[in-house]
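Undergrad: Since the structure of chain G is already known, use the hints to place chain V on it.
If you're matching them up, the sequences are chains G and V in order. Per our numbering, the very first residue in the first sequence carries number 1; after that it's consecutive. Per our numbering, the very first residue in the second sequence carries number 1001; after that it's consecutive.
For the record, the hints were derived by calculation from the structure and aren't laboratory data. Each hint should be verified, as a subset may be incorrect.
Straight-line distance between alpha carbons at most 20 Å, and here's what the computed EDC-like set of lysine to aspartate or glutamate pairs gives [stated by the list, open to error]: (1) K1066(V) / D1090(V); (2) K46(G) / E1033(V); (3) K1066(V) / E1099(V); (4) K43(G) / E55(G); (5) K43(G) / E1033(V).
If you're wondering where the values come from, they're calculated on a predicted model, not measured in any experiment.
Residues per chain are reported as follows:
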Amino acid sequence: MILSVMTILGSFTTPMRIGTNPASMLWLLPLVAAIAIVYKATKVHKVQPWPFAKETALLFGSIILFIVVAALILHGVAWIVTGQLSVLLDGSAF
Amino acid sequence: MGLSWKDNHALFLITIGALAWLVPGGGHLALNERRRGIIILVTVLLTFLIGLYVGSIGVVDPVHAKPWYAAQVMNSPAVALVGRVSASGDYPVYARANEMGQIYTSIAGLLNLLCIVNAIYLAHVRSEQEAQA
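The following block holds chain G by itself, in its conformation from the complex:
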């Protein structure tokens, strides 16, 4: 028992290894879920399981959708600046 408690406490003293691969972006999901749950817990008039879950899921989906759209726009801007803009400038009269 004491050994398990010490093991659990010990796991909080060494950081995890998190790579910089695209899969690491999935770490945003629990955070967005927490934000949606707490925000809705402070906003709904009465906390009832089904309506609360529905409203939270809707907010979670909206945030994720907004992040995806923002990521696509930024990816598009980066693609134009790094790939297309240099080609256009090379071919210009300047």
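TA: Chain V only, in chain G's frame:
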């Protein structure tokens, strides 16, 4: 001589705010908002613990990361104890794990700040309604 209604009201709001800071969701639980309180307690605590697990207690750094620490301490005054342990510099953490840990623990703190404000607002509205009734 008894306190005036306004003094009592202010003391009530301060007590609710302090409870909400001491234990996430504590303010709502004191206002008999059991479901709301439990949801806040579990979510804020879990988010904070995920942050600590990912980045270790080294992410609570009152020496080199003061702005993050200000947000983290909004979780509960107990975070200051973690800060005292990690201030020794025995738990260094760098790179992505540090970023993730700081983001999770700080967002948990800011979410709890939102709940503290909400609990105080609820307490204010209720006392106003009771005073009018």
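Undergrad: Decide, hint by hint, whether the structure agrees.
TA: Evaluation of the provided hints:
1. For the proposed pair K1066(V) and D1090(V), the alpha carbon gap of about 18 Å is at most 20 Å, so the pair holds.
2. Between the alpha carbons of K46(G) and E1033(V) the distance comes to roughly 9 Å, so the proposed pair stays at or under 20 Å and holds.
3. Among the hinted pairs, K1066(V) with E1099(V) is consistent with the structure: their alpha-carbon atoms are about 14 Å apart, no more than 20 Å.
4. A hinted pair counts as satisfied when its Cα atoms are at most 20 Å apart, and K43(G) with E55(G) qualifies at roughly 10 Å.
5. Between K43(G) and E1033(V) the alpha-carbon distance is near 13 Å, which keeps this suggested pair within the 20 Å criterion.
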